[in-house]
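Novice: Residue numbers (our numbering), protein chains in the order written: chain A, 18 to 174; chain B, 18 to 174.
Since the hints were made in silico from the structure, they are not lab data. Check each hint, because a few of them may be wrong.
Chain B regions said to be covered by chain A (calculated; three or more residues, Cβ under 8 Å) [said to hold, decoys possible]: (1) 37-43; (2) 71-85; (3) 94-107.
What you are looking at is a predicted structure, and each value in this text was computed from that prediction instead of being measured. For every residue, glycine included, the Cβ atom is placed at its ideal position computed from N, Cα and C.
Protein chains: 2
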Amino acid sequence: MGRIDHYDDPAAPRPNSLVPSANVLVTNDQGQVLLIRRSDNGNWALPGGGMDLGESIVACGVRETLEETGVTCQVTGLLGIFTDPKHLIEYTSNGEVRQEFSVVFTAAYISGRPTPSSESSQVRWVDPDQLADLRMDRSMRMRVDLWLQGADMPHLG
Amino acid sequence: MGRIDHYDDPAAPRPNSLVPSANVLVTNDQGQVLLIRRSDNGNWALPGGGMDLGESIVACGVRETLEETGVTCQVTGLLGIFTDPKHLIEYTSNGEVRQEFSVVFTAAYISGRPTPSSESSQVRWVDPDQLADLRMDRSMRMRVDLWLQGADMPHLG
């Protein structure tokens with residue numbers, strides 16, 4: 018499924034969908050961050066995805082991380098809530114245009130080894146000082162930079 | 018519109034909808050909490066409601082508070098994220114059954130006077146020691162009690 022991220026783009030299609038999703042910033046004992054390379058657009062990203070009926074948003078984050086990385090984690094905190102109406106995500110296969118609604122958790126590594134999936138062509142533990150070298154969508158870059166800055170309060174936006 | 022809250026009820030209808038909503042715990046200079054009495058079920062509650070496309074979840078909380086109470090507020094923090102799949106909200110008029118997805122902010126009073134609306138038959142500033150006397154749905158009681166307990170971390174569930 019092709020995915021295009023639009024930001025503050027007057028030519029973007031209008032949003033027609035709102036799906037709460039979770040992303041997870043998992044760190045291991047060495048302080049490395051778990052990242053995937055997205056199959057749909059080649060960008061590096063935190064694992065995550067849309068919430069299903071019947072699960073909580075925390076359970077969604079743990080489930081999506083396991084599916085996309087092979088790693089089991091435990092949520093430890095909240096990096097922020099990101100619901101900027103200027104960020105739209107277009108799925109080219111079915112015409113869905115989602116307005117961003119992403120809850121980003123921090124989490125600790127529990128078990129498992131980085132393992133690619135249909136949604137993640139690569140999965141890697143990345144040293145914090147190498148994060149800047151990886152290509153990311155601007156919205157994902159903003160989340161990672163917020164974590165690097167170590168804010169006291171979760172981002173609320 | 019009639020509203021029924023189901024909790025961990027095997028006889029409840031199955032969820033068919035997920036609408037992110039914001040609730041806001043607004044306090045004034047006297048430390049009182051802004052509450053509404055819901056028109057649909059007579060329970061006391063924090064103001065709030067479902068997010069619209071084109072706004073952020075923070076803007077949703079401020080807008081719903083103004084609509085339901087006549088009070089303008091500014092969000093100052095996060096009480097928690099509440100997405101318990103065991104809590105379902107049934108709207109009897111159209112068969113919609115939402116799974117709970119509520120982001121609860123704390124906020125400071127800015128301006129305006131408590132004013133009822135079609136969704137709120139009463140609007141009141143309530144002293145913290147009077148909160149226990151008001152009838153609330155269990156999920157709303159849990160949010161208010163969490164605030165009274167003054168936890169350091171937002172609730173993530």
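Novice: Give a verdict on every hint.
Specialist: Going through the hints against the structure:
no., hint, in the structure
1, 37-43, "violated (count 1)"
2, 71-85, "holds (count 5)"
3, 94-107, "holds (count 6)"
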